[in-house]
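Given chain D, put chain V in place with the hints provided.
Protein chains in written order, with this note's numbering: chain D, 1 to 469; chain V, 1 to 469.
Don't take each hint at face value.
Because identical chains cannot be distinguished in the list, a pair is counted as satisfied if it fits within a single copy or across any two copies.
Heads up, simulated EDC-like pairs for lysine to aspartate or glutamate below, C-alpha to C-alpha not over 20 Å straight-line [stated by the list, open to error]:
1) K9 with E364
2) K93 with D436
3) K65 with D351
4) K68 with E12
5) K460 with D70
Simulated from the structure, these hints should not be mistaken for laboratory data.
One-letter residues, chain by chain:
Protein chains: 2
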Amino acid sequence: MSVRENVRKMKEVSPIVASAGAGMRNEALRLAAAALREHQEEIFEANREDLARAQEAQIAPAVMKRLKFDGHKLADCLAGIDSLISLENPTGKVTLHRQLDEGLVLKRVTVPIGVIGIIFEARPDALVQISCLCIKSGNCAVLKGGKETASTNKVLFGLIEDAAIRAGLPKGCLLQVSAHSEIDELLTCDDCVDLLIPRGSNAFVRYIMDHTRIPVMGHSDGICHTYVDQAADCALAIPILIDAKTQYTAACNSTETLLVHRAIADTFLPKAARELAKAGVKLRGTMEVSEILRKAAALSGDTAKSWISAVQGPADGSVSGNPVNGPVLVPGGFAADDIMGEDDFRKEYLDLILSVRLVDSVEEAAAHINRFGSHHTDCIITKDDDAAQRFMALVDSASVYRNCSTRFADGFRYGFGAEVGISTSKLHARGPVGLDGLVTYKYLLEGSGQIVADYASGKKQFHFRNLEI
Amino acid sequence: MSVRENVRKMKEVSPIVASAGAGMRNEALRLAAAALREHQEEIFEANREDLARAQEAQIAPAVMKRLKFDGHKLADCLAGIDSLISLENPTGKVTLHRQLDEGLVLKRVTVPIGVIGIIFEARPDALVQISCLCIKSGNCAVLKGGKETASTNKVLFGLIEDAAIRAGLPKGCLLQVSAHSEIDELLTCDDCVDLLIPRGSNAFVRYIMDHTRIPVMGHSDGICHTYVDQAADCALAIPILIDAKTQYTAACNSTETLLVHRAIADTFLPKAARELAKAGVKLRGTMEVSEILRKAAALSGDTAKSWISAVQGPADGSVSGNPVNGPVLVPGGFAADDIMGEDDFRKEYLDLILSVRLVDSVEEAAAHINRFGSHHTDCIITKDDDAAQRFMALVDSASVYRNCSTRFADGFRYGFGAEVGISTSKLHARGPVGLDGLVTYKYLLEGSGQIVADYASGKKQFHFRNLEI
Numbered sequence: 001m002s003v004r005e006n007v008r009k010m011k012e013v014s015p016i017v018a019s020a021g022a023g024m025r026n027e028a029l030r031l032a033a034a035a036l037r038e039h040q041e042e043i044f045e046a047n048r049e050d051l052a053r054a055q056e057a058q059i060a061p062a063v064m065k066r067l068k069f070d071g072h073k074l075a076d077c078l079a080g081i082d083s084l085i086s087l088e089n090p091t092g093k094v095t096l097h098r099q100l101d102e103g104l105v106l107k108r109v110t111v112p113i114g115v116i117g118i119i120f121e122a123r124p125d126a127l128v129q130i131s132c133l134c135i136k137s138g139n140c141a142v143l144k145g146g147k148e149t150a151s152t153n154k155v156l157f158g159l160i161e162d163a164a165i166r167a168g169l170p171k172g173c174l175l176q177v178s179a180h181s182e183i184d185e186l187l188t189c190d191d192c193v194d195l196l197i198p199r200g201s202n203a204f205v206r207y208i209m210d211h212t213r214i215p216v217m218g219h220s221d222g223i224c225h226t227y228v229d230q231a232a233d234c235a236l237a238i239p240i241l242i243d244a245k246t247q248y249t250a251a252c253n254s255t256e257t258l259l260v261h262r263a264i265a266d267t268f269l270p271k272a273a274r275e276l277a278k279a280g281v282k283l284r285g286t287m288e289v290s291e292i293l294r295k296a297a298a299l300s301g302d303t304a305k306s307w308i309s310a311v312q313g314p315a316d317g318s319v320s321g322n323p324v325n326g327p328v329l330v331p332g333g334f335a336a337d338d339i340m341g342e343d344d345f346r347k348e349y350l351d352l353i354l355s356v357r358l359v360d361s362v363e364e365a366a367a368h369i370n371r372f373g374s375h376h377t378d379c380i381i382t383k384d385d386d387a388a389q390r391f392m393a394l395v396d397s398a399s400v401y402r403n404c405s406t407r408f409a410d411g412f413r414y415g416f417g418a419e420v421g422i423s424t425s426k427l428h429a430r431g432p433v434g435l436d437g438l439v440t441y442k443y444l445l446e447g448s449g450q451i452v453a454d455y456a457s458g459k460k461q462f463h464f465r466n467l468e469i
Numbered sequence: 001m002s003v004r005e006n007v008r009k010m011k012e013v014s015p016i017v018a019s020a021g022a023g024m025r026n027e028a029l030r031l032a033a034a035a036l037r038e039h040q041e042e043i044f045e046a047n048r049e050d051l052a053r054a055q056e057a058q059i060a061p062a063v064m065k066r067l068k069f070d071g072h073k074l075a076d077c078l079a080g081i082d083s084l085i086s087l088e089n090p091t092g093k094v095t096l097h098r099q100l101d102e103g104l105v106l107k108r109v110t111v112p113i114g115v116i117g118i119i120f121e122a123r124p125d126a127l128v129q130i131s132c133l134c135i136k137s138g139n140c141a142v143l144k145g146g147k148e149t150a151s152t153n154k155v156l157f158g159l160i161e162d163a164a165i166r167a168g169l170p171k172g173c174l175l176q177v178s179a180h181s182e183i184d185e186l187l188t189c190d191d192c193v194d195l196l197i198p199r200g201s202n203a204f205v206r207y208i209m210d211h212t213r214i215p216v217m218g219h220s221d222g223i224c225h226t227y228v229d230q231a232a233d234c235a236l237a238i239p240i241l242i243d244a245k246t247q248y249t250a251a252c253n254s255t256e257t258l259l260v261h262r263a264i265a266d267t268f269l270p271k272a273a274r275e276l277a278k279a280g281v282k283l284r285g286t287m288e289v290s291e292i293l294r295k296a297a298a299l300s301g302d303t304a305k306s307w308i309s310a311v312q313g314p315a316d317g318s319v320s321g322n323p324v325n326g327p328v329l330v331p332g333g334f335a336a337d338d339i340m341g342e343d344d345f346r347k348e349y350l351d352l353i354l355s356v357r358l359v360d361s362v363e364e365a366a367a368h369i370n371r372f373g374s375h376h377t378d379c380i381i382t383k384d385d386d387a388a389q390r391f392m393a394l395v396d397s398a399s400v401y402r403n404c405s406t407r408f409a410d411g412f413r414y415g416f417g418a419e420v421g422i423s424t425s426k427l428h429a430r431g432p433v434g435l436d437g438l439v440t441y442k443y444l445l446e447g448s449g450q451i452v453a454d455y456a457s458g459k460k461q462f463h464f465r466n467l468e469i
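Pulled out of the complex, with its shape left as it was, chain D reads as follows:
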C-alpha cells in the first residue's frame, strides 16, 4: 500500500483509537515494555548492524553515540514507559461545563488530535518515546526516523505495533515509513494528517513548513538570553551563567547572549569574564564591553599576565603556553572580529561562545530579547521583585525565568514525563510539549429538543450557568 492509502486507513481508524479507554492504551504500553525486554537481543543485534554500517560510512563519533541502543538506553526507555503509564490520562478531561439553558448542557472535553506525523533524528530511543507518547494520548502516528538506524527502528517499531494491536487497538494505528521519498508523499496528505512534528535543523523544519498544508509544530533557533540586572546577586549569577552556557552547548535552551545592566558592568563583567574563560567560554560583544574588559585587565594586579592566565589557563590556574588558541578576552580587549554589530546578536552559536551587551534597564533588556531572540527561554538574575515582575511580563518568550539556568526548559524538568519537542510557535502548544500538546478538545452539547429559532425569537433565553467540573 502507498503512504497515502495507509494514511487514509489510519484516518478511518483514528476515532476508534481516540475512543479506546485509558486502560487499553496503558495495557499497550505495558505489553510494549515487556516485548522490548523480551526481545532485547534481537534489538541489540539490529543495532549492531546499524552501527557497523555507520562505521563504514565514517559517521562522526558524537553521532555514533546517538545511534547506539544498548542495555543502558533500553533501561532508560523502559523507565520512560513506566513513568508514562503512571501519568494521568490526558484525554477525556472536562475543561468547561456549562448549562446554557434548562436541559441544554455544554461540555468541553480534551480529545486526541488524531493522526500525527513525526519525523525525527536517528536515535532509536526517540522512536520508542514518540510512539509511546502517541499511544498514551490516543493518537495514531506515522513515524519516520533517521535512516542511519533503520534496522533498529524496524525491530523496535514491529514490537511496539504488535503490542498495541494485542492490547486491542485497531490495525493501522501506527505506521512506519522509511524512504525519504515517502516524506514528500506524507506532506501531501493534508486531508488525513492533523499535525506534523518535524525534529531536526531549522532548515529542515522550514522546508517541511514550506511544502505542506498540514499544520506544523516546529521550533526555530534557540537564541536564549541571561540578563544580569543592576540588583543581581553576583554569587548566583556566575554559576547560573556558566551552567546556561556550558552544561550542554548544543542544546537549544543554552544561553547565547549575556545582557548586563550598565550600572554594574564595571564590576560584574571582569569577574564573569574570568570565570567564563576558565570554563572555556569565548566572549564576543560590543566595543563598550571590550573596553571595560581591557581597562579591568590593565588595572588588575599584574595586568596582562594575570588576565591571560585567568583566561587561558585550566581550572587549576596553571598558565597555558599558547595564547593563540586561547579565548579572545585579552588585556587589549576583543579582537576586531569579536566586536559585535546589531545583527550579530541573532546568531545561535551552539558552541562555547557568548555574546555580551550592556543595557540601561529591564525594559531595554526585554526589548533586546524580543527583537533579537527566538522567543524560546530567557532569564533575569535579580534580587529586585519589581524588576523580575516587569521582565517576566515584558519578555515575549515561551519560558521566562528568574535566578536559574535557561537549561531548565525541558519536558522532563517541567515534570511532563516526556516531551515530543519544544515549540517556539505561540499557537496550540508553546515551550516543552508533553502529553498536553498532543490533545485538542471538542464541545459536546446535550439537549432535549432545543431549537435556535426559540432563542432568536426571544421565546427562550440562555442563562449560562457554570456547573461543577
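This is chain V only, laid out in the frame that chain D set:
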C-alpha cells in the same frame, strides 16, 4: 509609514499592551463605548456615504443590510462592549503551578498572543466587535475590513483607537489598513504578526493560507450532519431538523445532510419529508431514499395528490397550482438529478436543500460524517444513552450534539460573550472562538540559583509537587 513599518512598531509595543492591566483594557472599552455613543451622528453620516456608494454600485439588498450601521446596530455594539467588560480577564490565569524542587517554582500563565491580523467582511459592527475583543484580551490588532464600508470603518476605527490611547495603551496598538494591496504586504510580515484570522469564503481563507507563513486560524466548509438514530424520538427530530436546516440557511452551522437509521427509515422519512417540504426544503438523496418516499406516497390515502399538496402547499395546507416550481419530492421519487452518488455528500448548499442517506448503525453514521463532513458540528437524535455516547466519542468534529439543532454552534450561544470566528482547525482553538482563543501561555520559572548540572549529576533531584492554583 508602510504596513511593514507599522507592524514592526506594533510588534515592539505589543509586550507593553500585553502587560497593561485588565483595568486599563476595560477602561479603553468604556471610553470606546462612550465615544461611539457621543459621535453616533458622525458614524451614521459616514455610513450613509457608504450606502449611497453601494446603491450606485447596485449591491444586492441582502448585502446592503449588512453594510448598514444604524441606531439598532449601535445599540447591539454597545451591549456587546458592556458584556465584554463584564467578562473575566482571559490573561494572567495560572493553569499550572508546580514546585520542581525546593525554591524552584514553575507556573504556566495565559498571555495575549501578541499581534493579530484580522481580515473581515464588510460589516461595520464586525470592526467594533473584533477590535474590542483584541483590546480585552491584550492583543494588538491589524484590521482590514471590507471596502464597501470604508467610510464607516474609518470613523469607528478612529474613535476606538483614540479611546485605547486615552486609556493609557501605547500608540500603534491598533492599525487599520484599507487597500487590498496592503493585505499582500501584511502576509509577508511573518516575523511580526503572530496570527491571521481571515473571515470570508473558503476560497479566500485558502488563498491566505497559501500565501503566508503566518499561522492562520481559518474555517473550512460547514458540512454539518443530523443523524436520526433507530431510537430517536421523532417528535423531537423533525422540529430540530427544520431548525437546523432552515433557521438561517447561509450559516456554516446549518445541517446539510440528514442521516437516518435504516430500521426507522420507512416510517420516519415520509413524515420528515412532508414537514421539511412544508418548510420549503428540497430533498436530495440516494436511490434507496427516493424509493422509500415513492412507495410511501403511493401507499398514502389519495396517493399523488396528497403528496403534492403536502410537499408544495403552504403551511395552511392549501394546494399550490404549479408543481414545476415545487420541491422535487414527488410521488415518483426524486428527479434523476437529485439521486446522489458518493461524492455529492461533500456539498455545502447554504440553501434550502438537504442531502439524505441511510445507515445501519451509529458507527456507520460516524464514519460517513468523518469522511464527508467538515469536522464542524454534527448531531445525533436518540433516546439511547449508549448510542449517544458512542456517537459523541466517534465523531471527530469541533462540536458534537445530542437532541438539539446544529445551529447552536456559536460563541454567543456557548456563553463566550463574543466570537472572532468558528475554527475547524484542530490546533490551538477549535469550534467557536472567543477570548480564550486569543490567548496563549508562557511558562514562568522562579529559582534561587539552581543550575542543571546539579540535577544531571544526580546531586539534586526534582520532586514535582503541584501547588494550589
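20 Å Cα threshold - placement of E364 relative to K9: This pair counts as between: shortest inter-copy Cα distance 15 Å, intra-copy 53 Å.
Go through the copies and call it for K93 and D436: within, between, both or neither, with a Cα cutoff of 20 Å. Answer is both; intra-copy 11 Å and inter-copy 17 Å each pass.
Can you tell me if K65 and D351 fall within 20 Å by alpha carbon in one copy, between copies, both or neither? within (19 Å within a copy, 63 Å between copies)
Is it within, between, both, or neither for K460 and D70, if the alpha carbons may be no more than 20 Å apart? neither (67 Å within a copy, 26 Å between copies)
Checking an output row: K68 and E12, CA cutoff 20 Å. Within, between, both or neither? neither (36 Å within a copy, 46 Å between copies)
Checked against the numbered hints above, the structure breaks hints 4 and 5 and satisfies the rest.
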